[in-house]
Structure formats: C-alpha cells, structure tokens
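Residue numbers for the sequence shown follow my numbering, so the first one is 6 and each next one is one higher.
For the record, the hints were derived by calculation from the structure and aren't laboratory data.
Predicted model, so just to flag it, every value in this text is computed and none were measured.
There could be a bad hint or two in this list.
To be verified - Mimicking DSBU-like on lysine-lysine, the simulated pairs with C-alpha atoms at most 30 Å apart in a straight line are:
| no. | residue 1 | residue 2 |
| --- | --- | --- |
| 1 | 133 | 81 |
| 2 | 115 | 473 |
| 3 | 98 | 57 |
| 4 | 258 | 81 |
Unchecked claim - Restraint-style ranges between C-beta atoms, simulated for each label pair:
| no. | residue 1 | residue 2 | range |
| --- | --- | --- | --- |
| 5 | 475 | 313 | 40 to 48 Å |
| 6 | 468 | 442 | 23 to 31 Å |
| 7 | 433 | 475 | 50 to 58 Å |
Yeah, the Cβ is synthetic: ideal placement off N, Cα and C, and Gly gets one too.
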Amino acid sequence: MRVVVFLLILFAAACHAQLSPKRLAELKALPAGEVLIAPGDLTVESFHGSDKGGIIAAVTGQDGAALRVSVADECKNRWDVGMGVPCPKAIAKDDVLLVSFWARSLAKGKGETAATQLVFRRATKPYKHCLSTTLGVTAEWRCYAMPFSPSYAMEADEGRFYMQFGMRKQRLEIRQVAVRNLGKSIPLGVLMRDLGVASSKSGSKVAGTPMTPVTLWEMGAHSGLPEPDPEFSPEGAWSHSYSIWTCHGYVQKGNKRIGFLEVTRSVAGEDDPLVVAQDIVNDEGLITRHVATIACAPDAVGTLRSWKLALEHIGQDGAAVADLGWVETAERVDGGFTVRSGQRVSQRRAPVRTAADWCLFDAVQRLPFKTGPVQEFAVLEGLTALKTRHRLTYRGVEEATIAGKTHRLHRFTQIGHGVLPYNYWLDEHHRLVMVVTHSRAYILSDGARKALEGYLKGQRGRYGNLAKRRGGK
Numbered sequence: 006m007r008v009v010v011f012l013l014i015l016f017a018a019a020c021h022a023q024l025s026p027k028r029l030a031e032l033k034a035l036p037a038g039e040v041l042i043a044p045g046d047l048t049v050e051s052f053h054g055s056d057k058g059g060i061i062a063a064v065t066g067q068d069g070a071a072l073r074v075s076v077a078d079e080c081k082n083r084w085d086v087g088m089g090v091p092c093p094k095a096i097a098k099d100d101v102l103l104v105s106f107w108a109r110s111l112a113k114g115k116g117e118t119a120a121t122q123l124v125f126r127r128a129t130k131p132y133k134h135c136l137s138t139t140l141g142v143t144a145e146w147r148c149y150a151m152p153f154s155p156s157y158a159m160e161a162d163e164g165r166f167y168m169q170f171g172m173r174k175q176r177l178e179i180r181q182v183a184v185r186n187l188g189k190s191i192p193l194g195v196l197m198r199d200l201g202v203a204s205s206k207s208g209s210k211v212a213g214t215p216m217t218p219v220t221l222w223e224m225g226a227h228s229g230l231p232e233p234d235p236e237f238s239p240e241g242a243w244s245h246s247y248s249i250w251t252c253h254g255y256v257q258k259g260n261k262r263i264g265f266l267e268v269t270r271s272v273a274g275e276d277d278p279l280v281v282a283q284d285i286v287n288d289e290g291l292i293t294r295h296v297a298t299i300a301c302a303p304d305a306v307g308t309l310r311s312w313k314l315a316l317e318h319i320g321q322d323g324a325a326v327a328d329l330g331w332v333e334t335a336e337r338v339d340g341g342f343t344v345r346s347g348q349r350v351s352q353r354r355a356p357v358r359t360a361a362d363w364c365l366f367d368a369v370q371r372l373p374f375k376t377g378p379v380q381e382f383a384v385l386e387g388l389t390a391l392k393t394r395h396r397l398t399y400r401g402v403e404e405a406t407i408a409g410k411t412h413r414l415h416r417f418t419q420i421g422h423g424v425l426p427y428n429y430w431l432d433e434h435h436r437l438v439m440v441v442t443h444s445r446a447y448i449l450s451d452g453a454r455k456a457l458e459g460y461l462k463g464q465r466g467r468y469g470n471l472a473k474r475r476g477g478k
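Work out the full structure: start from the sequences and follow the hints.
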C-alpha cells in the first residue's frame, strides 16, 4: 500500500476530524518513503514479559488480526512487559520517521484506559533514544501516529523499535504496527502539525542549526510570512507588531512565545518619533512592560536624539506592582545623554552615532538593498545598556519556501560588542518581517498581542493551580 493512503488514514484518526481539501492535497503529495518495520513484523515471538505477569495472544475479530496484550499488575519497570523488533535498514541523521499503529483498550470506562510507551533507540550502548513517549489508548479502535527524527545515523540492524506495556494493569489490542522513513522530504515540525501531534510528544531532538524564517516555520513558531504590502513605505507612517518567540535548543520541545513588540512610526518634523511597547512574560505570569517614545534621526541607524521610557511590572491580577516601576527622560548633549528620573539627574556617556535596538527595527527598513560603506555605531540596548563597535551589513537576497510559497527576503546582519549577531529579514518592499538573535526571534504578526494574551492566561492558570495545591493563595 502506498504511503499516501496510509497517511490519510493516520491524519483522520489522529486529529479526529474531517480532512480539509487543503490538508488532503498536502498529504497526497507526500513521498512514499521507505518501510522500516512493516505491519506483521511485530508478532507473538516479539513479546517479552511472560515471567512478569504479561500475556500475549494472536486474535482475529471482525476488525482483522490483532495482538492482545494483558498485564496482570503494574510492573516495577515498564520495560518488563513489551515487544521489540530490530530495524533492518539504515537511517540517516535527521531523517523523519513515522510510527503508526491501531489500538483499542479492552477495559471498561471512558477516556484513555490503557497505554503504551513507544521507544526507538540504538540496540546497544550507548542507547541514545530518539523516541520515548507514552500514548494513552481508548476503548475504540483508533489509529495513532508519532513522527520523530534521530539526531544521529544508524546502520542496518543498529536501531530497534519497542512498545512497552508494563506501566499499568491493563488489557489492550494492537494491530498494523509500522515504522516508515520519509527521509528529508517533509520537516518534522510540519508533519507534526499535519498529524495534530502535540510538541511535547516529539522527543528531544536538538535544533542544531541557526534560526531562519524557514526553520522557525518548521519548528512551529509561525504559520507563514505575511504577503508583501506594495503600499508600505519605510519613510511614511506605519505600525508593526511582532511576536517574541524563544527556542530552548530543541526542534519541538520547550519552545514558546514569551512576548510581543509593537513599533509605531509617525512623521513629525526632522526626527522620527517612534512609539515602542513591549511585554515580556516572566515566571508565574508576571509581565515586564516597556513603553517608550523615542526621537531618532532619519539616518542609517536611527541615531538617538531623546526619549521617554516607562517600565513597570504587571502582577497576576493585571495591575502594576507598586514601587517596581520608574519613568525616565533623556536628551542628547555633548558626550552623551542627560537622563532624568524623578529627582535624579545623571549623565550617560555615549558616542555621537548611538542607536537604540528598537530604533534599528525602523532604520533597517530605509537601507538600500546593496552592499556599501559600513560605519560603526553604538547601541543602547533597551535604552539602558551601551554596546559599542556595531556594524550593520547587507548580506543579499534569500529565497525562503514556507508552506508551499516562496518568498524573496533581503537579509542584513548586525554584529558588535556585547551582543550575539542579529539577522534582519525584509520583504521586497522593505518591510521588516523577522529578526533573530541567538535563541530569540521577532516575527511580524498582526495577532501578536492577542496570541500572547492566550499564552498568558494559560500560564497564570497553571501557576494558580500549583499555588492552590501547595496551600498558597
């Protein structure tokens, strides 16, 4: 059977919903892949655990042949009862593999009344698991699918696939267990989204490559770039919203949206007034909020002239935390800036060509798409920390194919003291669509603020429940 049919069944069962025409077309376009473990390779002879209270039997019913597994009681080790089979074919590093099987629980009751742990690893030490996840099984026959991707290569018979059952007392039936290798024809993150698989189930595959518009799409940071706006003018008035997203080092696990940044530019006089609003979500649903009005010159880096910056911390109740906020204003003087906060006046030394990191979101849009003289400047990060000897360089045009659409993006790179490199990607009309520095990405999105509200609500709810269980308020 071709993998096209195989995957259509998987998607419908895993998502528990009718396929949209778009998804149907995407799945039909998938390559056939290579069968590593075929339905029928797992048999009664593959079973282990009879001495630990496990029983397996081959059965045949109206749904076809299946293996019935019984576990008399919870085992000390979930590996005590299970089955395993070697992978007879070689697997390359970063190939995308897909496990699928049909299963049902024989226990009465609603919800997941049985479970199995899926494991794919090296057969000998060092074992190096590339898949280890537990799936709950319901009383109805359903097809389950789990994509994963090893970060190392395996020779023929070096890999081994397991299904473990010793984690609980249970009875279940399984059939049509298969593992396929889709190679590098579809990114892991994309396949997970297509199959409706939660990112927490994907294993701990290390990202291993710099973040770009394409890799961030594959990791689920965004669903696609906005279409270029021919009416956009970097010299005019505009407002951009960016989701702030972080990668914790893995392709799917631990990554999250942590904030939003809004940059609004109006046209009034010689200097460009920018209004900046940034929210960063911290632990326990607390927010660090910056609101700034910045006057910066309309030059290559947006040289700072003056600013007003307000910082406050927002508690779980949505109100500002008393005594943790402050407001400062600053004006350009010879040798730096005069900064005022309440009754306190200070001098902050800075070179003449000093920009704020937020100003560069504006200034880079006015730069020509060509290489030219590179001038040094300083950056006042967050309008507080001075970083010197920075340079902003045009790196050329890049094509990024995302969700089946190819975008032409122009990239600038910023390097300098005290920061890791920044990469800026702009569309053909000079609109800034993405910024990446190390593990943090700023992604242009009209729904950035609303998306953060959903994440914040969920986080505050989780911490609130934890506090109640621990006896807190």
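Evaluation of the provided hints:
1. Proposed proximity of residue 133 and residue 81 is supported: the alpha carbons are some 22 Å apart, at most 30 Å.
2. Pair hint residue 115 plus residue 473 holds up; C-alpha atoms about 28 Å apart against a cutoff of 30 Å.
3. Simply put, residue 98 and residue 57 have alpha-carbon atoms about 36 Å apart, too far for the 30 Å limit, and the pair is violated.
4. Distance check on the hinted pair: residue 258 and residue 81 sit about 28 Å apart at the alpha-carbon level, within 30 Å; holds.
5. The supplied range of 40 to 48 Å is met by residue 475 and residue 313, whose beta-carbon atoms lie about 41 Å from each other.
6. Against the hinted window of 23 to 31 Å, the Cβ-Cβ separation of residue 468 and residue 442 comes to about 28 Å, which satisfies the hint.
7. Evaluation of the 50 to 58 Å hint for residue 433 and residue 475 yields a pass: the beta carbon distance comes to about 54 Å.
Against the hints set out earlier in the document, a violation occurs for number 3 only.
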